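Protein chains in written order, with the working numbering: chain A, 1 to 309; chain Z, 1 to 259.
By construction, these hints were calculated from the structure, which means they are not laboratory data.
Keep in mind that a hint or two might mislead.
[Stated by the list, open to error] If you only want the chain Z side, here are some residues facing chain A, beta carbon under 10 Å, derived:
#, residue
1, I179
2, A183
3, L239
4, A244
Quick caveat: nothing in here was measured; it's all calculated off a predicted structure.
No residue lacks a Cβ here, since even glycine has one placed at the ideal position from N, Cα and C.
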Amino acid sequence: MSSRTKASVGVGLLLLSCLSLSVLALRISDDVRERTILKEALYIPSPKAVKALSLGYTGLMADLYWTRVVQYFGGKHHQGAEQYKLLAPLLDITTTLDPHLLVAYEFGSIFLAQRPPEGAGDPEAAAALVKKGIRENPEAWRLWYHLGFIYFEELHDSKAASAAFLEGSKVPGALPWMQVMAAALAQHAGEAETARYLWTQIYNSSENPDIRANAAKRLLALRVDEEVERLQSVADRYRRETATLPESFLQLVQAGYLPGVPVDPLGNPYLLVDGRVQVSRPNSLPFITKGLPPGQKPSIVAPPKGGIP
Amino acid sequence: MIGRIRVIAFNTFREAVRDRVLYNLVVFAILMVGGALLLGRISLRIERLVLVNLGLTAIALFGIVIAIFLGIGLVSKEIERRTLYTVLAARPVRRWEFIVGKQLGLIATLVVNAGFMSAGFFAALLYLQHRFEAADRFLLVALYFIVLQFVVITSLALMFSTFSSPLLSTIFTFALFVIGTFAEDLRGFGAMAGGSTRALTSALAYVLPNFAVFNVVSEVAHSIPVPGRLILFNSLYALLYATAVTSAAVLIFDRRNLK
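Okay, chain A solo, but in the shape it has when bound (with noise of 0.2 Å):
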């Protein structure tokens, strides 16, 4: 071997070793910027700043902070973190930049509202967001949607979500079912007569026949939950003033609490179990809240998870 030869394979030796231990250094490296420096701060964390800053080129710098968002969350995601510190921040500046953004309203407040590890956790930042999307976009009607969702699913607040629907429904190219929406949520959340109002109206001027079959059969719920609790009342009072719990409508009848045996609209009669009024046969009543067998939930329509199909 020549002496130049031996040359380039200690060099070649060299290289190679550094190489190998810088990768150690750098993975040490990352270990330590990863325990102990605070990865989660922003350069400039006021939006109006960002904006002065962009030069007027507003629209670029929203499209590269939306991106900054998606890496951040992917990122924490990936991780399976807890606290998602810079997501709020992020997407005030994202859509402070470009208020017309709407991408970054509606997956952003997915992002925010979602329970962690899946999210931030932190559906007031969400439903502020979108309404923030709202007032600067007032004819995107699933912002809307988005919205009624969060009150929903997140904040567990069905008359708040069934007026988010129903002031997206009143948006120039909304589609029915945010209508649907604001219904059965109203009637979920025990508003009787503002469900009964909204699925009338749908049953009047829908053109859809699943929209109207559905909304038939909403209004049969409706009157079903109301007959329920009438004939619940009568029943605590036979119980109140005869001090026996009635075994069935027919002992009623017989004591003059009631003219006949009551049957719902179906024309199926109710039952009086434990003193408890129950309907007959509850799966040919999909949406009724009362009268329902022990264990037996009502059945609401949900927004499918995720977004609109």
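Place chain Z on chain A using the hints.
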């Protein structure tokens, strides 16, 4: 041997200092630092943040531009001017000594430049705060990491300059700088991918330079301490990586036919 390397390094430094374009860039960087003061004024309570973020970023970016433009010409210029033959043929200088000398000379130039730019930066900071605070010492760490970036960039530019034209060397070095800045994203992508893509991206993330690891600008802007271990291992990383790249440069240059 050390003496020969020192002479080459000194000549490289002297030649770089004579370059007027360099002064323009340094002045421009200092102006940018000054401009950060004005930009800080248009916002609310983030004057120091803007100054530190923009100031350190300006120092880093202008330094990298200087490193690339000086680095890519180190060998190719000598070949073009035919001064390389004089150095290597007429004097007892080995090729690797020439490369290492050039590299050290360029690093010295960049350190001096960074020193001037940092002086401007600290003057602006003093003007803003009217005094230096204890947390400002972390800014020195950020500046040190910027210099470490220069060391790695210089070695890359020098390596490309041993076999490529100045234009291509610029493109290659700048591309590696951009990739290295997003090295963590590359690794994140690898972690999310599966199979051979994962192996390939992970390997690439470690073989390609990682400039993200040197970036503590946002942390020091928030006065967050930089751990000593990070300073140690970042220094080691820069040294080892630069040595590896310089070794590659030596290997290529050693085989190059200069006639």
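Outcome of the hint check:
no.: 1; hint: I179; in the structure: violated (15 Å)
no.: 2; hint: A183; in the structure: holds (9 Å)
no.: 3; hint: L239; in the structure: holds (8 Å)
no.: 4; hint: A244; in the structure: holds (4 Å)
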